[in-house]
Amino acid sequence: MLRFIVRRLLQLIPTLGGLSILLFVWLQRLPGGPEYALLPDDATPEQRAMLRRSLGLDEPLMVQYLAFLRRIAQGDLGTSLQTSRPVLDEFFLRFPATFELGVTAILIAVIIGLPLGYLAARRRGTILDFAAVGGSLLGICTPVFFLAFILKVVFAEGMGWFPSAFRLSPGLTRTDITGFVVLDGVMTREWDVVWDALAHLALPGLALASIPLAVITRMTRASVLEVMEEDYVRTANAKGLHRTTVRTRHVLRNALLPVVTAVGLLTGSLFAGAVLTESVFAFPGIGSFVYIATQERDYPVLTGFILLIATMYVFINLLVDISYSLLDPRVRAQ
Amino acid sequence: MSSSTPLLAVDELSVVFHRRGSGETRAVDGVSFSLEEGRVTGLVGESGCGKSVTSLALMGLLPDRGVKVGGSAVMQLPDGEADLLRLSQRRLRDLRGSQMAMIFQDPLSSLNPVVPIGMQVTEILKRHRGMRGVAVRKEAADLLYRVGIPDPTRRLDEYPHQLSGGMRQRALIAMAVACKPRLMIADEPTTALDVTIQAQILELLKDLVTEEGTALLMITHDLGVVAGLCDDINVLYAGRAVETAPREPLFADPTHPYTVGLLGSIPRLDAPRGESLTPVRGSANDNIAWVDGCAFAPRCDHYTMECLQGPPPLVSVEKGDGGDDGGHVHRCVNPIDHAAVADRAVLDSPTVADEDEEERG
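Taken in order, these protein sequences are the chains called H and D.
Under this note's numbering, think of the first position of the first sequence as 1371, with each following residue one higher.
Under this note's numbering, think of the first position of the second sequence as 8, with each following residue one higher.
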């Protein structure tokens, strides 16, 4: 197992290396460099050239790439053009918020999606099945920002059931330990903070969960249907095992294998979805920060964000592979 | 054969599948046979003749929807007799694994790939024998050892993919015999195995029947298996038994043209070099419905107009000397004369024949 993990970690190097090249080339090809974003519209070409030089943008590409790599390796993702602070610091500051949102979304998706998909498979062809399949189709089709907006207008601004913005209600005092509001609240037993934070997470969490929820529901349904037809399920029934034993040990355990992969990939994609969701709910996470960065052409932030997403993806994939090998002995053997 | 009531008496079993759009398919169309303890009964026929569906119907493993099962299958149980086809699923779950067990065709796909072999054996002991703790693991190892799996304690923690094909089938047999069932159904248990392993598995099944006095229903398309293992044989065609007899009369004096065709199609080592095989002409697609006459008629070399006048009844085979027919019956109006085909159809009793067909029946 340890060798497996080490090997997978080593495999990260070429992946991230390739990514850094792609990222660098992409940055070079983008029209409208930072000299247009940072300087006023009436700046002279000389002023723009001077800024490019001071930012090192006039150097040969190879030199720029190596410098870029060196900085990344040192954990230096550059300085945000918006805030003039290191990108990494900005990310660290906002990471807990986005993380909490992402966990909320994935929990919603798994807690609702798994049982729903399972029940839809068991009750195939019933109204429940049609509702689950139709609902998940709707979930996949609806753009996240649109759903986020509808949720906010209806349940926050309309009904007033949930707060419409931010992570916590203004004026609420809390003890900060880790930056994770819910976790801190639980540790310090400030239940009002926990409750308030959860209320703030509900709508953006639901919006962000829509696509993973739909995918998990459908995958679970399809997977359970497939496994129920397997010979070994027939064997289990032929042994006269209790229905619950057949369903959990023989059906679910096998049916969940592909779902685990899906959950991993979906978790990775949450960060991208967080950009739009967070900006709709003014949620102070990495997503809303990056949303502004795109408008401001804050390239260091964008580069850092892409690197962050890629790294997250790669690590989540590693986690998926490890959990897969724990679940499926056939993978373990190889 | 004892004169008392058989362990399982199957009478006019029929299974009809209803599919939306495509009407109904009569997979099993009035099959009758009985199983005695300590005896092996064969259900023989080509793919699609209803062999497997018959076994699934007896075990109550057919899907709930779109299937209509008719007839009766009365089994002698410790607490009296019961018609398996009329029992509730709850009752069937109690009987399956304890009173009746089944061994399937493909041992790899019939074992759960993510559950250790040990647990797949112990779960049945826990379910039906209420065993717990250390005892159950020991019993599971004993079972594996009894079916010929060496180093059973280590095997308990292994997964199906770590076992060879023969070991997997042995493990499945261990699960089937775990609770000493009185009825065991083996659905082509050797089809997915190579020839040397086939012989070993058949040998094992034979021993289990002899030792435990289990009634074994052997489902196969392989006449070599039948000859080596079965005491009584039912030849199925298009969902009906067309000939039923103990082993010797069936192999010595087959009377139904289909049985004769099956026996004639076995490749023989002593056949002259270059002689082509003699298959049964046509395919099961050529069948006519039993209500219109003999379903085999379109493929039969001996059919007359008489064959097309309604379903032929099941009749006893008359012996030339007027003696006891020994339970030899057939469903044919133009049976083949024993004497005329005797030299063609008499077979030694091969234990294992080559596989030329891997489809399930």
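Treat each hint with caution, since some may be false.
Stated by the list, open to error - Some but not every residue of chain D turned toward chain H, in silico, with C-beta under 10 Å: (1) S39; (2) L68; (3) L115.
Claimed, not checked - Counterexamples of contact, computed for chain D against chain H with all Cβ distances above 12 Å: (4) A16; (5) E31; (6) V81; (7) P85; (8) S117; (9) E165; (10) I204; (11) G220; (12) P253; (13) L276; (14) A278; (15) P279; (16) Y310; (17) T311.
If you're looking for bench data, these hints aren't it; they were derived computationally from the structure.
Predicted model, so just to flag it, every value in this text is computed and none were measured.
For every residue, glycine included, the Cβ atom is placed at its ideal position computed from N, Cα and C.
Hints versus structure:
1. S39: S39(D) check fails; min Cβ-Cβ to chain H is 23 Å, beyond 10 Å.
2. L68: Status holds, d = 6 Å.
3. L115: Since the shortest Cβ distance to chain H is 9 Å, the answer is holds.
4. A16: Answer for A16(D): holds, closest chain H Cβ roughly 21 Å.
5. E31: E31(D) is indeed farther than 12 Å from all Cβ atoms of chain H, at 20 Å.
6. V81: Holds, since 19 Å exceeds 12 Å.
7. P85: Per Cβ check, P85(D) is outside 12 Å of chain H; nearest 15 Å; holds.
8. S117: Non-interface label fails for S117(D): nearest chain H Cβ at 5 Å, not farther than 12 Å.
9. E165: 9 Å, violated
10. I204: 19 Å, holds
11. G220: Non-interface label stands for G220(D): nearest chain H Cβ at 21 Å, farther than 12 Å.
12. P253: P253(D) clear of chain H: closest Cβ-Cβ about 29 Å, beyond 12 Å.
13. L276: Label holds. Min Cβ-Cβ 34 Å, cutoff 12 Å.
14. A278: 37 Å, holds
15. P279: 42 Å, holds
16. Y310: Fine: 38 Å to the nearest Cβ keeps Y310(D) off the interface.
17. T311: Holds, because the least Cβ-Cβ distance between T311(D) and chain H comes to about 43 Å, which exceeds 12 Å.
Consistency note: the structure conflicts with the earlier hints numbered 1, 8 and 9.
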